[in-house]
Amino acid sequence: MIMTKLKASGNLGPSVLKALIDAKEFDVTVVSRPESKATFPPGVKVVKSDYSIQSFESVFRGQDAVVSTVGNDAFEKQQQIVEAAIRAGVKRFIPSEFGIDTTKSEVQNYLPVVMASKRKFVEFLESKEKEGLSWTAIGSGAFLDWGLKHEFLGFDLKTRKATLWDDGKTHFTATTLDQIGLAVSRVLQKPSETANRYLYVSSVRTSQREILDTIEKVTGDKWTVENVNTNAKVKELKERLNQGDYSVVLDLIAAAIIALPLGDLTTKSSLDNKLLGLEQVDLNTVVKQVV
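The numbering of the sequence shown is our numbering, which starts it at 1 and goes up by one.
Rather than coming from a laboratory, the hints here were simulated on the basis of the structure. Keep in mind that this is a model prediction, so the values were computed, not measured. What you were told as hints is all true, and nothing was included just to trick you.
As a list, the in silico SDA-like pairs of lysine to any residue whose alpha-carbon atoms are at most 25 Å apart: (1) K24 <-> V44; (2) K169 <-> K233; (3) K149 <-> N11; (4) K104 <-> Y246; (5) K149 <-> N227.
The calculated label-pair distances, taken between Cβ atoms and stated as ranges, are: (6) A38 <-> H150: 11 to 21 Å; (7) A232 <-> K91: 42 to 52 Å; (8) E210 <-> S58: 47 to 57 Å; (9) E226 <-> K288: 21 to 31 Å.
Positions of the beta carbon are idealized from the N, C-alpha and C atoms, including for glycine.
Generate coordinates for the entire structure from the input sequences, incorporating the hints supplied.
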């Protein structure tokens with residue numbers, strides 16, 4: 001299969017690229033901006049693009065699939081990317097939909113500025129099925145290893161401080177970056193079984209409290225703990241967002257996944273791990289790798 005990868009740098013991009021290369025079934029082209037200084041493994045074709053629809057159409061010609069891991073700064077460009085993909089004859093599009101389940105109305109209503117727009121984009125993809133483009137969206141919950149490294153899950157590895165939403169016992173699902181990469185690769189290896197579907201994957205079902213217990217066991221240190229009232233904190237963050245402070249968006253997403261009953265993908269009838277050949281991972285092993 002010949003495929004194009006949009007943005008192979010960033011948080012998730014390298015893991016997706018690695019999985020595609022390791023599969024040894026794909027001829028991979030990476031699209032990056034002209035100013036990008038990112039480097040890529042040998043054998044990967046790199047094409048610079050100004051992210052115009054004309055540029056994308058040219059790059060996509062002859063490609064079977066397009067995988068997007070663009071960040072929020074380029075998310076609105078995805079409709080143009082899809083239009084270019086259709087013109088170029090691309091058969092499958094995987095959007096930058098990784099994370100919380102945006103099919104839930106509660107998620108869309110909780111943070112419309114991000115979640116509702118993501119849902120609308122999937123609806124846009126659905127409308128393009130009649131034009132010959134298939135799609136697959138992947139819900140992965142929190143990024144487990146990334147979330148531990150970058151305090152998204154509430155753990156400051158440098159200061160040994162944990163910030164728990166309420167008592168930290170709310171369960172949520174999370175997936176490692178490597179397993180998300182594998183999910184993308186397996187989707188492309190099973191095109192008929194994964195076409196025009198929202199798939200759900202998970203490496204672990206856990207809680208902040210369980211992660212803290214595991215971290216303290218692995219490090220041998222007793223951590224400082226601060227408990228945050230979820231309702232009060234979310235109210236404060238939303239007030240700041242309404243005043244134009246978009247720096248709080250990531251914290252609001254963290255609250256939705258970790259503290260509210262919105263981040264547990266096991267509430268779905270079933271995860272798609274079996275379909276994609278993904279096994280649950282050992283939390284203790286992941287924590288050891290990160291800390």
